[in-house]
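Asks: Protein chains in written order, with our numbering: chain A, 1 to 550; chain B, 1 to 662.
Everything labelled a hint here was simulated from the structure, so no lab data went into it. Source: prediction; values computed, not measured. Virtual Cβ for every residue (Gly too), placed ideally from N, Cα, C. Among the hints, a few may not be true.
[Claimed, not checked] Reference listing, derived: stretches of chain B covered by chain A, where coverage requires no fewer than 3 residues with Cβ under 8 Å from a Cβ of chain A: (1) 421-434; (2) 589-602.
[What the hints assert, rightly or not] Examples of chain B residues toward chain A, derived with CB under 7 Å: (3) L31; (4) M38; (5) D514; (6) T517; (7) G569; (8) L583; (9) P586; (10) F606; (11) Q608.
[What the hints assert, rightly or not] Computed cross-link-like contacts, DSSO-like style, restricted to lysine-lysine with a CA-CA straight-line distance of at most 27 Å: (12) K377(B) with K235(B); (13) K543(B) with K507(B); (14) K140(A) with K167(B); (15) K32(B) with K418(A); (16) K414(A) with K94(B); (17) K479(A) with K32(B); (18) K403(A) with K414(A); (19) K134(A) with K220(B); (20) K120(B) with K138(B); (21) K418(A) with K220(B); (22) K134(A) with K235(B); (23) K274(B) with K235(B).
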Amino acid sequence: MKKFVKIFAASLALGQALAKTPTEVLYEVEGLIVQEGGRKKPFVTFAQEELTLLHGKASWKDPQTQEHWSAVYLFLDIWVSPDRWVDRPLVLLEYEQLKAECGLDLRKRYFSYNELIAAQRLWQIVEESNRLRKRDQNAKITALQQKALETAKKIEVLNGLLSGDAYRVVPHPEGASLTWGTLAQLPVWYGSKGSEVLAKAKKFLSAVQQGNPTAEQVVALKEELKRLRPEFFPSEIVVQCELAYVRWHPFRLAWICLGIGFATMVVCRLLQPPWVYRIGLLVCILAFTLLVWGVLSRIIIAGRAPVTNMYETVVWLALSVVVFALAFALRHQSGVHFWVSFPVAMVALLLADTFPVVLNPSIEPLVAVLRSNFWLTVHVMTIVTSYSAFSVSMALAHVLLWKQALSSDRGGTKSLTKYVVESMQLGVWLLGTGIVLGGVWANYSWGRFWDWDPKETFSLVALLGYLVTLHGRRFGFWKDVGVATGSILSFQLVLFAWYGVNFILASGLHSYGFGSGNDVWFYVFVAAELTYVTVTAILARFRAHQPKMS
Amino acid sequence: MKMTEQERLQWMQRRPRESLFWAIVHALGSLKMAVFLMLVLLVMSAFGAVYESWSNNRLAQAHVYKAPWFLVWIVALAVNLVAVTLTRWPWQRKHTAFIVTHYGIVVILAGAFVGMIWGKEGFVTLQVGDSTRQLNLKEKVLFVQGLGQSGFFVVPFDAEVAGVGPKRPWSIDLRSGGMRVSVVDYRKDLVLRERLLEDFLQGDGPGVEIQLISQAMEGKVPMVMVLNNWEQEIKRDVGGLMSVCLARKLPLRDVGTPTAERVPVREIWMVFEKAQHSPLVHTEDPYRSGWWVWLERVEGLPVLKLRNAAGLEEEFRVADLQNGTVKLADGVTHITLRNYWRNLVLEEGEPTEGPPSGYNPAALFWLETVVLPPEAKQPQVLVSVVSDSHIVFEASKDGVVTATGQLQEGGTADLGWGSWSLQLVSAAQRGVVVFEPTTAESANASAITEAEAVSGIQVVLQAAGMSSEPTWVATGSSARVMLGGQLPVTIGYGHRIHRLPFSVELKAFDVPRDEGTDTPANFISQLVFTDLRTGESVQDVAKMNHPACYPPQWWRRFVGNVYKFSQAGWDPQNLQKSTLQVLYDPGWMLKWVGSLMLCTGIFLMFYQKPHGRTTQSRCETPPVQRQQASAAMVLQTVHFSSNTHYNSTAYSTPQGNGAKST
């Protein structure tokens, strides 16, 4: 009876406005360890990854007050007072057809938990597609069903947050890899000791509610939690490394650095040509350092090579493009390698930074088939490195075609052709080796060497494109323009092998790389490239046949 | 035969004109040919990948990558590769990289062909504790048994690849008796329907096959139940609507007899006048009373209103309740007012009467009643087998028997609740459940939505102007087909079986998960291999990325003379079952050697110092030679004795185990 009245009393106490949490408190909360998605991560990573999944961005803007909420602030608030958030538009849903089908407002991009829960048609579609999947795992489902399943997944995540189940901060007392618990588990698992920690945690949370939490409270809470089972927590170095990575965004710094570098080079070219090379060199080394920092951080955090999803391969591409630019530029004392590589690397990093939904930056455990495998690492790294050699070649080919077709300054085409071929050869060697290594790995882990999987097939198709280009040149079928054209066309095959197979064909065994992409931009890019190649090649041919003017 | 460089070049230019052999070699090894072969291969492979995304892996393999024309193309490429190396004959040191690279591809291709011809690839699906020496090869076959003298007939046939459908039947004439088997349809969405058979020798206990028919919902729920020898009764739930119970004996009771006792329930209610729809209710009993109570103001006085599920409504003025417990009109429910506040406020967490200026009426009371447990309320049918053709049944609902009686095979009886009736399809005293494939349309839709789909073919047997009924055969099983009054013929469809020279047993299967999730971190099968001649056993473990090998000698592993068992599939619903992909590939070593040659070859070709990419070295070759030389470089283009990944398909086709067929 008394308990009942207490519950009733607590239910009346909710629903008061919150005061803002001080920045230094949020800074400390960032380092709170949460178990989620198969690993233990700092609160800031947890919040940013989950918010990106839900919302498509790592921060949230209140549509009423226009106030910006950082992921950490938002997630702390959801933890403290979930009731405030059931009606807030947190879930991104852009697919028009699904919105229309479920009777949701077509003009809105974001929807609240309650709105989506109430959309009965959505749950019907989800149930239908689950049934379809259950009957036949390979059943092809429509885009509508796919989006409905994705949305259901988001709602499940949000449900975990609103119910508090996702805030798993308490280590399981019996094993490092067992599921952690919420604060409510403290007294269950740790008895009176747990109750003490729980009291402190509650004090902090209600302080957050009342707007007067202190950084000391968070520090103390983190220590208390860790003291329960220190051996089950990730080491302090790893946590600090991850915090630095999340706070500083080395990959973002790298593209900014490359962008500024490129702009400076443009300015310098107009004023002081000899400086272009030196600035390029400096920027290149700086970008290299930043990228290495980022990649190393990911290696330390995940404990594996960072080449296992689309995002990581894009970043790896940028890194190896920078390395190749440095190596080729030093070897030939040429500025052109900087000119072409910076935009390539910058675009790659920019894409990785701006499309978290397509290129998922979160660090997740590998699917079982990719785990603890030396050959995998070598195979993927080799292939992606070959892609970057090809992209350097492709970028140089653009310059070459431009010079041949349009520029009044046609000097240096011979060395340009040499550079195009040089990086192409490097790519062919890497891709050939990578494909063979893939066969070796597949033979080892799947029990077959080669089976015409779409990814395998298209990497072969791309390789054949380059082989035709190189063989044709070797025996004089075509010269500079032909080589440049071949380089650009074959690169479209590379792009298809890399992106198209996963996002457009979306079939085959390399299914761990799948996702939902935006195909339109891919087609636009390919169309633009084809137009460029056609126009410049025709112009170059036209010029070549014109009598030389003095 | 020592010749100078000059002589060599002259001979190379001269020989195609002088000798037919060299003319052919130079023609086959020409660069134009190579570029043409590669370009066409590029288009064909790209088409194959796109075709695969339209259809599926198996069709793409059958119609593109493993189609004869594709193989011919690859052979042509191999010929080109060999010929191009011969065009440089006699070889010099500078040709090393060139030759190593091109022969690397040839060696890989050779390995692929060896694997394709002499290799074996297939899969085994094992339950923990099971042992087998049957390997299901990738190839599908149709087999016919019971054709008089000739006995057994097996023919390669893949319904999916052949594109069999109602408009494209496929048939084959059998050698004996002028018989003809026609496959008239192939479907991937068949369901296995349960049927009851009487089997006096091997059957279990009594069993029934019944249908629950609802006229209002125009639905039929088919159901087969068989008691095991040790079971007294079994119960099935029908979509949460009702339950059906098969028992050995039935207490036959008259219509109207109660079937369950009512149990007391006490609820504590807190109701608010200002929030009529959100009362707080608390009970420690397992059931709810079914009453809904709210506080209202009628003519200025607080009134407690009550309504129950049956629509019964009552109201009491709060003032009248102050005197103690009140009994409601249904005769079993009592309410006792514990407290009433005119202005409820919270003071230090306790509800208290606030200042008279405020207004927030609330009442706290107990509600006591007796209810029927929900399970007794639910409609239920009890059946019991009397003989092999009739049963007795009893239907009950809301705690009362509604119908009872006897049913003959084919008979129907009303159950006394709405439009539902019970039909007896068949009864058996020693019944077995068999699974019969059928189309989803002909089976009842509501019963099969949860079932896993299977694929299968529909066959018709024809002879001497007679035709059998079209019969469905599920993939991986067989069915008996009757033709006129003759003996039945067994027709089966599924993977070709290869007998291994040893047996393999699954001792344990383990799926560890990622911390705090359900995502599998690995799949671990503990296997025991037993040599059938010596009886010696060896243990090995197949994990993700770590196949188990048999025979165990290390050198066999090295040269590929070994059966490799790789983890390929699992069933989230059945963690005792593991699917392993099995490969025996004698071309294995060739592939490795070829790969190594290829990698070093390309590297040397581009980066070897004296004859690398430098322009001088190219000028050494006369222009004519340049036109004629090399060809395709890397070509992985083969049939590296492939395998589909049986990750899930393996589970959609029951391998005959557990699914007996009629």
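Asks: Identify every previously stated hint that the structure contradicts and give their numbers, smallest first.
Replies: 1, 7, 9, 11, 21 and 23
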